[in-house]
Amino acid sequence: MFRRLDTPLSEITIFWEDRPLTAYQGELVASVLLRHGISITHHGPTTGSRGPYCMMGVCFDCLVDVDNRKAIQSCQLVAKDGLRLNRHLNLAGTGHPNDA
Amino acid sequence: MEQQRNWDSIVVGGGLVGLAIAYGLGRLGRSCLVLDAGDLDFRAARGNFGLVWVQGKGSGFPPYADWSMSSSQSWPDLAAMLHEQTGAALALEQKGGLDVCLTEDELSTRIAELTTLSQHQNGRFQFQALDRQALAEIQPGIGEVAGATWSPHDGHVSPLYLMRGLHDAIHHQSGYVKTSCPVTAITQTGVDIQVTTPDGDFTAPRLVLAAGLGNRALAPFLGLEQAIRPQRGQIMVTEKLPLQIRYPMVTLRQTAEGSIMIGDSHEDAGLDVSSTRPVMAEIASRAQRILPSLSDAKIIRSWAALRVMSPDGYPIYDQSPNIAGAFAVTCHSGVTLAAAHALDLARCIHDGYLGPHLTAFSERRFDVSPA
Amino acid sequence: MMPDYDVIIVGAGPAGMATAITAQQSGLSVLVLDDQPDHGGQVWRDIQQNHQHRQSRSFLGEDYWKGHQLAKAFLASGAEIQHQAVVWQIAHPLSLSVTIAGIAQNLSARAIVLATGAYERPVPLPGWHLPGVMTVGGAQTLLKASATGADGAVFVGTGPLFYLTITQYLDAGFSVAGVCDTGAGLGSPSTLLALPLALVQPKMLMKGLRWLRRIKAETPYFAHVSDIQLEGQDHVEAVAFAHGKGRPKTKMRIPSSHVFLHQGVIPNVNLSMASGLTHHWHHRQMCWHPICDRHGASSVEGIYVTGDASGIAGSGAAVASGHITGAAVAKALTGTTIPITALWRHRVKRLQHRALRPFLDRLYAPLAETLTPIDANTIICRCEGLTQAQVTAAMGLGVAGLNQLKAYCRAGMGRCQGRMCGLTVQALLADHHKIPIQDMPYYRLRPPVRPVTLAELAAFHQADPDI
Chain S
0 MFRRLDTPLS EITIFWEDRP LTAYQGELVA SVLLRHGISI THHGPTTGSR
50 GPYCMMGVCF DCLVDVDNRK AIQSCQLVAK DGLRLNRHLN LAGTGHPNDA
Chain C
0 MEQQRNWDSI VVGGGLVGLA IAYGLGRLGR SCLVLDAGDL DFRAARGNFG
50 LVWVQGKGSG FPPYADWSMS SSQSWPDLAA MLHEQTGAAL ALEQKGGLDV
100 CLTEDELSTR IAELTTLSQH QNGRFQFQAL DRQALAEIQP GIGEVAGATW
150 SPHDGHVSPL YLMRGLHDAI HHQSGYVKTS CPVTAITQTG VDIQVTTPDG
200 DFTAPRLVLA AGLGNRALAP FLGLEQAIRP QRGQIMVTEK LPLQIRYPMV
250 TLRQTAEGSI MIGDSHEDAG LDVSSTRPVM AEIASRAQRI LPSLSDAKII
300 RSWAALRVMS PDGYPIYDQS PNIAGAFAVT CHSGVTLAAA HALDLARCIH
350 DGYLGPHLTA FSERRFDVSP A
Chain Z
0 MMPDYDVIIV GAGPAGMATA ITAQQSGLSV LVLDDQPDHG GQVWRDIQQN
50 HQHRQSRSFL GEDYWKGHQL AKAFLASGAE IQHQAVVWQI AHPLSLSVTI
100 AGIAQNLSAR AIVLATGAYE RPVPLPGWHL PGVMTVGGAQ TLLKASATGA
150 DGAVFVGTGP LFYLTITQYL DAGFSVAGVC DTGAGLGSPS TLLALPLALV
200 QPKMLMKGLR WLRRIKAETP YFAHVSDIQL EGQDHVEAVA FAHGKGRPKT
250 KMRIPSSHVF LHQGVIPNVN LSMASGLTHH WHHRQMCWHP ICDRHGASSV
300 EGIYVTGDAS GIAGSGAAVA SGHITGAAVA KALTGTTIPI TALWRHRVKR
350 LQHRALRPFL DRLYAPLAET LTPIDANTII CRCEGLTQAQ VTAAMGLGVA
400 GLNQLKAYCR AGMGRCQGRM CGLTVQALLA DHHKIPIQDM PYYRLRPPVR
450 PVTLAELAAF HQADPDI
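Protein chains in written order, with numbering that gives the first Met the number 0: chain S, 0 to 99; chain C, 0 to 370; chain Z, 0 to 466.
By construction, these hints were calculated from the structure, which means they are not laboratory data. Check the hints yourself; a few may be wrong.
[Claimed, not checked] With a cut-off of at most 30 Å between alpha-carbon atoms, the simulated DSSO-like pairs for lysine-lysine come out as follows:
hint	chain 1	residue 1	chain 2	residue 2
1	C	Lys94	C	Lys297
2	Z	Lys433	Z	Lys65
3	S	Lys69	C	Lys177
4	S	Lys79	C	Lys297
5	Z	Lys433	C	Lys177
6	Z	Lys71	S	Lys79
7	Z	Lys202	Z	Lys250
[To be verified] Here are some chain Z residues pointing at chain C (derived, C-beta under 8 Å):
hint	residue
8	Ala90
9	Trp280
10	Arg283
Since this is a predicted model, take the numbers as computed values, not measurements. Where a beta carbon is used, it is the ideal one built from N, C-alpha and C, also for glycine.
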């Protein structure tokens, strides 16, 4: 599991599926999630489970839902106090008549 | 098969029009060679929106209305045959389609147009006019629009899986699609037609030109003109989203995979196939007015392609006056008409002459010289 | 209408910062747009922040701290910088579309400089899509951005960034469960032939040797690694591989829930391709480069490419390139000529750095099995979840190129727009047609090169419905 070497003073709280996570000002959301053992950030029928891969915005595999916004790259997102995050569920096409 | 020189038929053009005809010829037992151009050539078929559409088509040209309607009605057969032969699932859905009108003026003009169309067809073409409230009932989240017309004949399909399915099926029935093989000359040699390419000559007693804009250069070999012009269409595609669009809407449809396709422009931009921001912004703006809930949807790709437009916008089907067994085909509705091309037009070409229902589509209709 | 800026630079890494400094000094108005929270690029990520904690983050090493000098000069230069700015289109007359804090805008300039840097070559090994598998660069980003690392990780790959990151991990006190070196070593004649030129940079070579010696001493190290499989169902659980020079190779399996992959870096060309610049295939680096003159001027009037975005040469060369491009832009726009002595210094420096590349490119060439995957279940297109078998089935129909293949199987249609599958699909298709890889053109890329919301796009129309 990922761990952080230092303990900055600027502690904030973000929420992963309603569970509070300790984070620090300026930390990337992907980094906070990995540090708390959350490595599956998005899931879909064609992709299966996925998590942060490149950490620089090119792979689009660290997607999370943030407040009301869907499918946001968590490696490009800086943590802010009170941020509410959820695993992104890629439900594309499910329930479509053509899938039957 | 790659080396085979003599065929029962040759189709020039591996887009939706050429593939559908080649597939149809193959079904009739003819071996068929498709000569296709390169990967980066103008590929109208790859920019197709995927509508199987009847509503509003041919309001000024009844033969086209009939032709579109009959193709739409044959589409389930085409999809079933391709599925049976190749396992291809084309995501065909024909539950009806909507043409959304932003203003009352747009709506009343549209209703008048469709009423005329229906009268011309003796009521075979059906539609319903929906006011905003009625529209909101069948399409939740609809924006501040005037209303829509709905027609049960309309539907949509994956144009890309259709292409792949046709390609695959052609190979299943002793045909071959040869890529990156441009045609440079066509001549008659005895009973056969000879096609010259950088990879050598190929011969067949039947030839179909279905090369899109490429027909302009090749039609003169057949003694035809094919006076067509490019018209750019831009489309944008969103990330995959949960199902939210119930019926295809001319400029908006949701694919079986969940992406929402947003179209489309009609621009005279020469041979320029670039995606331009002003047009993309206008397309986005219209889509947002129709379905405000799409505001946060992310556009992940765009596409621009050149439609192949005849002077009046309708297809051109012709037989060569000089070379027996040679035909030229041009149209921009390669998806809607795929079933008619594969099942009806292909049989005409097989038999060697275009039936009476197709004579109206000859380029002779553009002749301005007095009869 | 007056353009908003003389120069807009995309990317605030070594090349972008250096371009900005020189252009600004020449009296031009300069805007730098960068998609990350702070400037420095990937190599000097968060340099400004970290410099305040230099003692506690000493594990980042001397090369990293060198970046502070340039970052400081950049901040002092007066060039305008906009962080977290996502550029998604370049249009003509010269302007670009950028989203900043959820709002899209259009900015015009007399010149645009692409300093978009590089990203790590995709490593399509069986299981590379599993959570827990990351790039070595990604692991390094966590170190730089938030002093975060994982104990018990396995590193698989080769290259300067590979050894550097492992060294940083050791210095930071993280335990390393295994290092699987996929490098071919000095064996090949072409590698040896490139060595004399590389001796121009003895310090860099020595540094590499020091890293390697240390890694061999302090970690379970395996050389000549191949046949790699990342095992696991919903998360990576182990790395299985073969190693050694003997035949057959020795099989090995290391359990771990963190695996970091690296097979070198490639220029970030999505924006330059979508903007219509001409590119060519670079044989030795096995990737596309935009065609530029020695100042960075591209095939499109007014657009320049500088630093690693125009070809991989490392951060030292990127800084020099940036200064050279900045001077070229100034000369083109104002006629100002930078004193020749100042420019020569950068030219010599760039030459020295580039001298090392032929050797490094060969020594750290990507492993064959990552270039053309042969395992049927390996994911090729991560976005669409397409396996090698699915992609090769579509190829089997006889497709002419990448764009037809994309239409037939959706490879490259996802959010990343081919960044993670393009080179692999190109290699597989070239192999299929038995033609050299450079003869297989790439995807036709189009804007937006990064996702943009419908509302952001529509706002442009509402702002100016007549355009």
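Hint check:
Between the alpha carbons of Lys94(C) and Lys297(C) the distance comes to roughly 27 Å, so the proposed pair stays at or under 30 Å and holds. For the given pair, Lys433(Z) sits about 46 Å from Lys65(Z) by alpha-carbon distance, which is inconsistent with the 30 Å threshold. For the proposed pair Lys69(S) and Lys177(C), the alpha carbon gap of about 43 Å is over 30 Å, so the pair is violated. Proposed proximity of Lys79(S) and Lys297(C) is supported: the alpha carbons are some 23 Å apart, at most 30 Å.
With a C-alpha separation of about 16 Å, the suggested pairing of Lys433(Z) with Lys177(C) holds against the 30 Å cut-off. At roughly 27 Å between alpha-carbon atoms, Lys71(Z) and Lys79(S) fall within 30 Å of each other, so this suggested pair holds. With a C-alpha separation of about 36 Å, the suggested pairing of Lys202(Z) with Lys250(Z) is violated against the 30 Å cut-off. For Ala90(Z), the interface hint holds, the least distance from its beta-carbon to any beta-carbon of chain C being 5 Å, beneath 8 Å.
Because the smallest distance between the Cβ of Trp280(Z) and any Cβ of chain C comes to about 15 Å, over 8 Å, the interface hint for this residue is violated. Against a cut-off of 8 Å between C-beta atoms, the interface hint on Arg283(Z) is violated, since the closest Cβ of chain C lies about 25 Å away.
Comparing the model with each earlier hint shows violations of hints 2, 3, 7, 9 and 10; every other hint is respected.
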